[in-house]
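As a plain string of letters, each chain reads:
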Amino acid sequence: MKGTITPEMGALAVSGLVIVFCVLALIAGVVAVFKRLDDHWQEQERQNEAKALDKAPTIDDTTLLLITAACATVVAGRFKVRRIRRLLSPQTKRTPWSAQGRLILQGSHTVQRSGKKKW
Amino acid sequence: MKGTITPEMGALAVSGLVIVFCVLALIAGVVAVFKRLDDHWQEQERQNEAKALDKAPTIDDTTLLLITAACATVVAGRFKVRRIRRLLSPQTKRTPWSAQGRLILQGSHTVQRSGKKKW
Amino acid sequence: MKGTITPEMGALAVSGLVIVFCVLALIAGVVAVFKRLDDHWQEQERQNEAKALDKAPTIDDTTLLLITAACATVVAGRFKVRRIRRLLSPQTKRTPWSAQGRLILQGSHTVQRSGKKKW
Amino acid sequence: MDVLWDFLQVGLVGNFSWGNMTMLAIGCIFIYLGIAKDYEPLLLVPIGFGMLVGNIPLSPGMNVGIYETGSVLNVLYSGVTQGWYPSLIFLGIGAMTDFSAMLSNPRLILLGAAAQAGIFLTFAGSLLLGFPEREAAAIGIIGGADGPTAIFLSSQLAPHLLGAIAVAAYSYMALVPVIQPPIIKLLTSRKERLIRMKPSRPVSKRVRILFPVVAFILCAGIAPGAISLLGFLFFGNLLKESGVTERLAKTARNALIDIVTILLGLCVGASTDASRFLTPASLKIALLGAVSFCVATAAGVLFAKLMNVFAKDKINPIIGAAGVSAVPDSARVCQMVGAREDPTNFLIMHAMAPNVAGVIGSAVAAGVFLSRFVF
Amino acid sequence: MDVLWDFLQVGLVGNFSWGNMTMLAIGCIFIYLGIAKDYEPLLLVPIGFGMLVGNIPLSPGMNVGIYETGSVLNVLYSGVTQGWYPSLIFLGIGAMTDFSAMLSNPRLILLGAAAQAGIFLTFAGSLLLGFPEREAAAIGIIGGADGPTAIFLSSQLAPHLLGAIAVAAYSYMALVPVIQPPIIKLLTSRKERLIRMKPSRPVSKRVRILFPVVAFILCAGIAPGAISLLGFLFFGNLLKESGVTERLAKTARNALIDIVTILLGLCVGASTDASRFLTPASLKIALLGAVSFCVATAAGVLFAKLMNVFAKDKINPIIGAAGVSAVPDSARVCQMVGAREDPTNFLIMHAMAPNVAGVIGSAVAAGVFLSRFVF
Amino acid sequence: MDVLWDFLQVGLVGNFSWGNMTMLAIGCIFIYLGIAKDYEPLLLVPIGFGMLVGNIPLSPGMNVGIYETGSVLNVLYSGVTQGWYPSLIFLGIGAMTDFSAMLSNPRLILLGAAAQAGIFLTFAGSLLLGFPEREAAAIGIIGGADGPTAIFLSSQLAPHLLGAIAVAAYSYMALVPVIQPPIIKLLTSRKERLIRMKPSRPVSKRVRILFPVVAFILCAGIAPGAISLLGFLFFGNLLKESGVTERLAKTARNALIDIVTILLGLCVGASTDASRFLTPASLKIALLGAVSFCVATAAGVLFAKLMNVFAKDKINPIIGAAGVSAVPDSARVCQMVGAREDPTNFLIMHAMAPNVAGVIGSAVAAGVFLSRFVF
Ligand code: NA
Ligand code: NA
Ligand code: NA
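Residue numbers (this note's numbering), protein chains in the order written: chain C, 1 to 119; chain B, 1 to 119; chain R, 1 to 119; chain D, 1 to 375; chain F, 1 to 375; chain U, 1 to 375.
It is worth saying that the hints were derived from the structure and are not from the lab.
Ideal Cβ placement from N, Cα and C applies to all residues, glycine included.
Accuracy of the hints is not assured; some may be wrong.
Stated by the list, open to error - Here are the simulated BS3-like pairs of lysine-lysine, each with C-alpha atoms no more than 27 angstroms apart in a straight line:
no., chain 1, residue 1, chain 2, residue 2
1, R, K2, U, K284
2, U, K312, R, K35
3, D, K250, U, K37
What the hints assert, rightly or not - Rough simulated footprint, nothing fancy, chain D against chain F, three-plus residues with beta-carbon under 8 angstroms:
no., region
4, 73 to 87
5, 180 to 187
6, 225 to 232
7, 245 to 253
8, 363 to 372
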């Protein structure tokens, strides 16, 4: 059976496409603005990266403390670990210390066991 | 309390076992037929495998193009990459280019970043 | 608007804290008892570990049999494999032979394929 | 003996129908295309096997059919009818989509908008073919070349057509490499196809993090009907880009999306039983779907040419075809078509921009229909 | 002070019952067997802990019991009562099962059929012990030695016996290494146990891909009641063998099956509260279950001997015992029994054939019962 | 043209409200804190984005709002209202929690009990501020510093406050590093903060396996209302420690907890729409939450000092603050505070004991409230 397009529906079809256009155009505009600001930010970022590279070899505090703790308890000495090569993936480094703590302190046994066995 | 087996249930018990037998026998039959045809197919497969082995060291087109693109944009030269050692697992090779594209183009950053940083 | 603490609720607040205390105290007590017994157990465990270390290089029976089977069918000889270096992670070793069987026999293709191709 | 005979009556023997046989055949074809031809196997294999599951002839009342309330398939199917399978898939897609190609060249976003013309023309076409309004809208969305969006919208507007619409959408998405090249060739001159676009500088992490938040507020603020789709898409993308929720993003783009894809495909396939699927309506839908894909491709290409009239540095009109989304297939098609003219012309990065923009575009279009029809 | 006392009344103190104590003990035994004896720990540990969760004595109305509508356990339990946990587990099993042993030696499939005699004899036995028809069917399926199948069928035919049936099924599956060897020894001569079977050539990828599709249509066409089980089993296997949907198969046999196993085990265990579980019926079920396992084992072995009467190259009757499924435990038992006679006789590959065939067999049997009883 | 105008009416333009704007701003702040400041990002980012999703102004009836029955968000939200998201999260937490620090020094468990004083004082405070009993209980649990527990209890006792309570709980958990140090400093002398605790011998595997079983029976037997939380916590821990169910534990602490965390965070955030969230009640709750955290911290520290009066070998009172749970943040805070006095004093291992004990403690407290109020 043959159908028809009511004016209302016609309007919907047209306005619908217009809306999609407006929305994406709006996004395009906003993104363009961001890109302007971005140039400035990128500058900063590059500097940060530069800094980050220097920091890279060190690890996050939690792990540092844990390892120091382990060492300390083992050799029962009173020294402080100054610098440790990071063996964790950059990924883990990026995760928040809370989540990381959760994983390191609880998830994995290795660190703790190795510690405890000695005690 | 004591129960009894109505004829109906008895019939069900018997016919049930018969049905299970028939179904599995049917499968066995079909599989047997397949195995016949299989001999022929296996021949082909071996040849395909042989061919595949020659192809192995090369990678799928998407990646090839991506890498070429990266190189090209970097050195801004106009050469064509001919042959690249495949470092991906055979698994990834088996996945469809669509899914693979999805992963390579979007999932991973490495390729693109390495490209973009240079631009 | 201003609220009040009915005696009933006051009692709940107090007794609630008391209960939490009792429960955790109870747990603390039980754990303490366990620790006593534990000293004895730890002794055993250390011995077991010692034994385990000797066993370590060998693998679980299923795999041993599978590999023997593979070898046997390949070289069509009638010898018995005596000792095989374990390359699986300790993890897999810990899983029950049933689950392990499930994985080794069905999940992975490598073992079987390598076997079958030769047949 | 007649016990056995009675028993056979409940199954294929007693309920034989050519319709189901046809559907079983179609299911096998889907599986074949997925496995042998590598056409979107992650979608066609589950849907194809689902067709088998949904078309085994059987007597009703055994509580196994997908339309029998309480059956296993029926319970799992609720994720489709309630529309949260598509949303979760969008979550995973967001967690694996890299918008930086689009962010580094914003004007290409418009190509993703232009391609949605296919949706609204198909909508009009469906009305002309006599479909009621809501059904017409659901059919039109096929032109969005976006499976989850199509399934979501038809689950809301035309549940009884869901099977046909989903099958059409996925079939044509799988056929994108076949459908698009000729159209592109037809509408572009060799000179245009040779246009080289200069690579644009990448955007910083900040912009990639800001984008999902701002884009969501913009889209949802104007077309709130799209929240169920775009909310999850941009949420997944934020999890991916934030850099501090990587473990959530990883699960979203692996375990989560895989599980939902399996169930979605199986259920959508199983929902296409012959009595509901083999109808004139389905034929019309298949026809309209094909049209909408062609229109969408053409619209994208032509709009790119239009932009070139005004733009200083020219766009290669080929990438207009990537606006139909079908990520990332159509982008790859553009790459191939372009490479055929000049093997050293690398369009795929540029094509990804309209490609992902097209996903947002069709979700917005779905939102427009929803907010117009649902209440 | 009496506030404290009142409070204690809602818990163990106020609702003490020897029944619950017994169940708590049983739960601990299950956990012990799983951990210390390695009997199917992936099943016994969750079920055992579930027994603890379900048997803490408490006053009703706190919305925590598994039978209190709306409680957390009750919501998660719906996956058991509606039967989709077993289906999803079958999906994962399919994605990890390699049928090639069976495909390369089709005649061994019949052994998997023979072992199902245990199901139907137990069904008859249950009727004699006075169980109504539907319950008898649910109890009979224990002989299938297949947890998910047993749970699925009882969820459909005898929900109130689900706990007892599931516990019986899993217990005996765990005890397979204890139950089967003596029976095998009893029914076979040393000479028979020494029979060597020559390895059969493996089948090609094509056959492994074709099998799940064709086998599903055959089984479901004859016993449509089995669709909810076999549909998922063969679908999972297709995902595994297709080679193009590996990521889906991987998730199905890891994250998905693990999650469902955890919830299924916990809920099944929690459903066995003393008042429902410690009944004469459960005792009868336990008894019948033991019988059915023995019958099934015997049937498999004897049928293998029968086949040897006609077969040219002989079958080692030991592997007949693998027909009860309980994958892969019974197959391994066969290997062990055979190895005790001749350490260089490797039966396990051959035993895998009736083993996986037995899974299909008991699913078909379940389908037969379903299509007869459900409507 | 007015068609367009009408259309805009369904979205932000037509339903603009300052309330929603405020919530959108708060959502952005949450996301910022999560990403830029690394405050519990796995929680704040999903919740923050959820706030955006739940506060886009829109006309009702489009079936997208989280409170519109049948909408995608509404369906996913059921996991929060029925309380099984928190339970599953506890399953994952149990599978990643190592209780050995606590087991090797049982007396520290009491610190975890003392810190729960915050719960009951806040409960009293809420009553004084005029909250009805059930709401007061739900608010009090914020002092438990345990997101899932707080969400679970309010879903049972005060669903309409769930958003406010969850947001308060997670906010203060994220702010633990800011809130606790001053309080600890205030209540302890430098001499006390310098106390060194001697490392305690680790416990054997057996004890680690026995613990979850026995502890569950004890807790659940006395406070059965806690079964829905502790049942899953200890079950997960048993899976982890048993050593034979590692694959289940692995999935529980990865795929499963990630998926639930994503959905929980998004839904909790989306449930805070302005009309429900921006109320005087929420302000009071925020206030009470802050108080309860301080009280809990103080109670833990002071009780540690009390124990020192009698104990032979002294406890460093700093670790008393870890009793508020908020695992493992508060434990790490203790480490930091201690290290500031003496960098070679490693408190974190000791602090983990009251830390995990606090989780059990607040779950028991929740159980007390439940068993008193639910029926
Ligand atoms: Na699109
Ligand atoms: Na079986
Ligand atoms: Na706490």
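So, going through the hints one by one against the coordinates:
With a C-alpha separation of about 12 angstroms, the suggested pairing of K2/R with K284/U holds against the 27 angstroms cut-off. This hinted pair checks out: K312/U and K35/R have alpha carbons roughly 19 angstroms apart, not beyond 27 angstroms. For a cut-off of 27 angstroms, the pair hint linking K250/D to K37/U stands: about 22 angstroms separates their Cα positions. With 4 residues carrying a beta carbon less than 8 angstroms from a beta carbon of chain D, the region 73 to 87 of chain F meets the three-residue requirement, and the given coverage holds.
Note: the region 180 to 187 of chain F has 0 residues with beta-carbon separation from chain D under 8 angstroms; the three-residue rule is not met and the coverage is violated. Residue count for the region 225 to 232 of chain F with a Cβ under 8 angstroms from a Cβ of chain D: 4. That meets the three needed, and the coverage hint holds. Here the region 245 to 253 of chain F counts 6 residues with a CB under 8 angstroms from a CB of chain D, which clears the bar of 3, and the coverage holds. Counting residues of the region 363 to 372 of chain F whose beta carbon lies closer than 8 angstroms to any beta carbon of chain D gives 4, which meets the minimum of three for the stated coverage.
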